[in-house]
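Protein chains in written order, with the working numbering: chain G, 2 to 446; chain F, 2 to 446.
It is possible that some hints are incorrect.
One copy or any two copies: either way a pair holds, since identical chains are not told apart in the list.
[What the hints assert, rightly or not] In silico SDA-like pairs for lysine to any residue, Cα to Cα no more than 20 Å straight-line: (1) K261 - F416; (2) K338 - L226; (3) K260 - R412; (4) K261 - R412; (5) K127 - Q65.
Rather than coming from a laboratory, the hints here were simulated on the basis of the structure.
Number of protein chains: 2
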Amino acid sequence: MQRLKIWKGGWSLLKSSFERGSTHVNRSEPSSRAYSQGPSPFGLLFDIDGVLVRGRTPIPGAKQCFKKLVDRNGKYKVPVVFVTNAGNCMRQTKAEHLSQLLEAEVSPDQVMLSHSPLRMFTQFHKMSVLVSGQGPVEEVAHNLGFEDVVTIDTLREAYPLLDVVDHDRRPKDKIPPTKGLRKIDAVILFGEPVRWETNLQLIVDVLLTNGSPDNNWASARSPHLPVLACNMDLLWMAEAKNPRFGHGMFLVCLENLYKKVTGYDLKYEALIGKPSVVTYNYAEQLIRQQAEKLGWTTPVKRLYAIGDNPMADIYGANLYNRYLQTVHLDKVQLKAKGGSGAVDAPTDSAASQTSSSGLGRSAGGGEAEHELPEGCSSILVCTGVYSKDQEELPSDPSETVTEQRIFHGHRDFRFDPSLMQPSFVVNDVQEAVELVFQQERWPLE
Amino acid sequence: MQRLKIWKGGWSLLKSSFERGSTHVNRSEPSSRAYSQGPSPFGLLFDIDGVLVRGRTPIPGAKQCFKKLVDRNGKYKVPVVFVTNAGNCMRQTKAEHLSQLLEAEVSPDQVMLSHSPLRMFTQFHKMSVLVSGQGPVEEVAHNLGFEDVVTIDTLREAYPLLDVVDHDRRPKDKIPPTKGLRKIDAVILFGEPVRWETNLQLIVDVLLTNGSPDNNWASARSPHLPVLACNMDLLWMAEAKNPRFGHGMFLVCLENLYKKVTGYDLKYEALIGKPSVVTYNYAEQLIRQQAEKLGWTTPVKRLYAIGDNPMADIYGANLYNRYLQTVHLDKVQLKAKGGSGAVDAPTDSAASQTSSSGLGRSAGGGEAEHELPEGCSSILVCTGVYSKDQEELPSDPSETVTEQRIFHGHRDFRFDPSLMQPSFVVNDVQEAVELVFQQERWPLE
């Protein structure tokens with residue numbers, strides 16, 4: 002297995018919790034369950050970067066692991082869904098890439114990108130939305146259901162005096178006229194763009210002019226246009242030795258520039274992608290679809306989320322687990338009171354973890370209509386952002402990890418060390434899958 | 002005069018202080034002085050953007066004003082120096098541009114860019130410095146005295162795995178080898194670069210690896226490499242209706258990303274350009290040289306700084322004025338104690354206004370060897386960032402302008418409303434020059 006030394010980051014608190022090899026960390030985990038009939042009703046959620054691949058380099062063992070996950074006919078033994086915070090591309094493209102990489106067929110229905118839950122945000126689909134990101138963002142937006150999409154490039158061309166950081170792209174000679182463009186109603190941040198200065202300037206212009214950037218900047222007192230952001234990952238692992246900047250870094254820039262100019266906080270209408278609950282709700286829907294395709298009639302009882310990033314994969318899976326537990330508790334209480342047991346609006350803290358809406362069920366996942374899994378376990382691998390071989394670890398983890406000091410989560414997510422504690426820590430994805438099948442007493446070979 | 006409505010920004014406190022037309026605001030200003038012999042010993046410091054030009058469009062009256070400033074032989078009547086926070090170009094280029102614009106000869110000796118004082122930072126000249134900016138940054142650095150200059154592009158090519166935000170610029174096919182590059186000793190931020198994501202990633206990599214970005218990120222506890230930043234302007238006025246992002250915005254991004262990743266504050270070795278005192282010390286040297294060229298034998302007694310940006314031009318001129326007053330006070334006290342009157346190290350607060358060094362006399366301006374001006378007056382024009390026609394002004398300025406709310410100065414500069422109060426407010430540069438000549442009882446026509 003590829004071993005990495007990484008900068009100690011914010012996760013040294015994990016160090017004291019485990020030894021080398023697969024380790025059961027979370028004691029609240031159910032240690033024995035017996036599924037007496039039918040296929041073992043569990044599903045697997047795989048992160049991609051740092052788990053299956055680094056940059057364009059496959060992680061050793063990933064391919065072998067997927068060989069075991071499919072039967073002789075290439076059919077998956079259990080429902081498998083890939084949950085990545087990557088965006089800036091299409092599900093189809095990602096699925097093709099994974100099929101090639103893993104030498105196992107991956108269908109687009111098994112792939113969930115950070116922006117996938119936007120499909121459920123139908124209230125924005127008819128609005129004129131400004132999209133920020135790279136790659137086929139316009140196509141991605143249309144595929145998600147957005148009908149009126151304005152790109153940053155379209156905005157630049159319509160208002161040629163706005164983007165002047167790059168001397169070489171400033172208007173030459175005669176000042177070109179401003180083209181009339183319809184008012185922007187909302188801003189969607191898909192993923193890290195290129196030329197951050199252009200996107201930062203134009204997004205701030207749009208927010209301060211209430212969607213018409215040829216108007217004067219208005220007072221920032223009134224609420225600004227809705228901003229929906231996908232993928233909060235601050236850092237991710239590519240081929241380089243050290244973590245690379247992700248979309249979370251772009252958001253840090255945008256939040257701070259907006260605050261510096263206006264004195265007010267930028268507010269998100271929704272934060273989508275791991276670790277938000279809306280993402281796991283959507284992933285669970287995909288798992289359910291996969292289970293149906295496999296002909297399973299028993300609902301999936303447990304999810305296992307395998308990832309390398311404590312702040313995205315582990316925090317997210319644990320937050321969703323907390324959410325599931327609250328839903329079940331509410332259900333039991335409702336039943337005790339003589340209700341139907343259908344859950345309409347659980348008032349759990351997991352779903353409303355942040356000040357932004359859209360993290361829980363704001364986009365209307367219909368969890369009342371089917372049986373949700375009992376829980377979601379989190380499995381941390383050491384082939385990506387997180388590594389066991391951290392250097393200079395303090396004897397007392399609380400000395401280095403405080404909310405003020407190093408918290409690599411998004412501004413709007415509360416620092417909660419218990420949510421960063423994985424159910425299990427293993428070396429790599431192969432060990433992770435073996436562990437799950439062992440836990441579920443299901444033959445892998 | 003071109004009139005603009007601009008967003009109220011942080012300067013509404015000025016509103017109540019003046020009426021339309023040239024207005025004497027600062028009551029501490031000496032109201033009458035008599036220069037009995039020789040030419041009136043004063044000098045003019047002109048800001049460029051928002052005072053003489055917006056983008057590539059000259060501001061009405063600028064040319065007329067300069068016609069009056071030179072005699073029949075094209076010789077300036079008083080010492081004139083252009084003090085701009087622009088960088089990313091050469092003095093020679095700026096001088097040529099101004100000559101053409103103003104139809105008056107401007108020599109490179111009269112032009113001061115934000116990075117010009119780096120010439121005095123000789124302790125860094127032999128180090129290997131990473132430079133960030135756009136345009137001829139390498140040439141600019143060499144001209145300033147730096148011998149070993151590494152550009153961001155050189156760094157990108159040497160370490161091809163580091164800059165991966167732009168999908169299209171990621172290494173294709175085989176992963177290229179990392180080239181050995183000498184260790185970086187210091188980072189110099191000349192001005193706003195293009196592709197902020199690339200510069201932000203590589204600068205953070207250099208800081209966290211102590212100058213060798215192919216090493217692992219190290220603990221951020223130890224002090225990082227020296228960072229010298231030129232031009233803190235958050236916003237500036239080009240042709241667009243609203244202010245545009247300046248280098249100060251890039252610094253806000255860098256500071257916040259560094260803090261988010263490490264938990265620690267980014268520290269500057271020096272912050273150069275207006276409003277730092279080191280910039281005005283340097284400008285005063287240039288004024289002195291111009292006075293000598295004019296054959297003046299009497300030292301310049303007063304400087305007038307004309308600008309459009311309360312946080313750069315007005316704050317800077319007032320901070321320098323405060324510095325001059327402290328120097329003179331120290332001198333008087335030393336004389337009273339029987340000393341020589343030469344000032345070695347005045348312990349004024351103006352020079353040490355911020356936590357960063359290099360703002361005062363760290364680069365060794367030899368102010369002991371000559372007579373400094375008695376004071377520096379600040380004149381605010383309304384053709385750029387600042388406009389009198391602000392909308393939605395509150396009746397009580399203290400309600401909207403607080404340090405927490407809207408302060409457009411740099412993080413390391415204390416919010417001091419008294420330093421943002423101009424000595425005079427006028428409509429445009431023409432009125433500014435007329436006012437000065439009137440004040441100094443010197444014929445302009």
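*Using 20 Å as the alpha-carbon threshold, which applies to K338 and L226: within, between, both, or neither?*
The answer is neither: 42 Å in one copy and 65 Å across copies each exceed 20 Å.
*asked:* Regarding K127 and Q65, is the shortest C-alpha distance of 20 Å or less found within a copy, between copies, in both, or in neither?
replied: Neither. Shortest intra-copy (45 Å) and inter-copy (54 Å) distances fail the 20 Å Cα cut-off.
*Since the copies are identical, ignore which copy is meant and state whether K261 and F416 lie within 20 Å (CA to CA) inside a copy, between copies, both or neither.*
between (24 Å within a copy, 13 Å between copies)
*Between the shortest in-copy and the shortest cross-copy C-alpha distance, which are at most 20 Å for K261 and R412: within, between, both, or neither?*
both (16 Å within a copy, 10 Å between copies)
*20 Å Cα cut-off: does K260 pair with R412 within a copy, between copies, both or neither?*
For K260 and R412, the Cα distance is within 20 Å both inside one copy (13 Å) and across copies (13 Å).
Hints 2, 5 from the earlier list are contradicted by this structure; the remaining hints agree with it.
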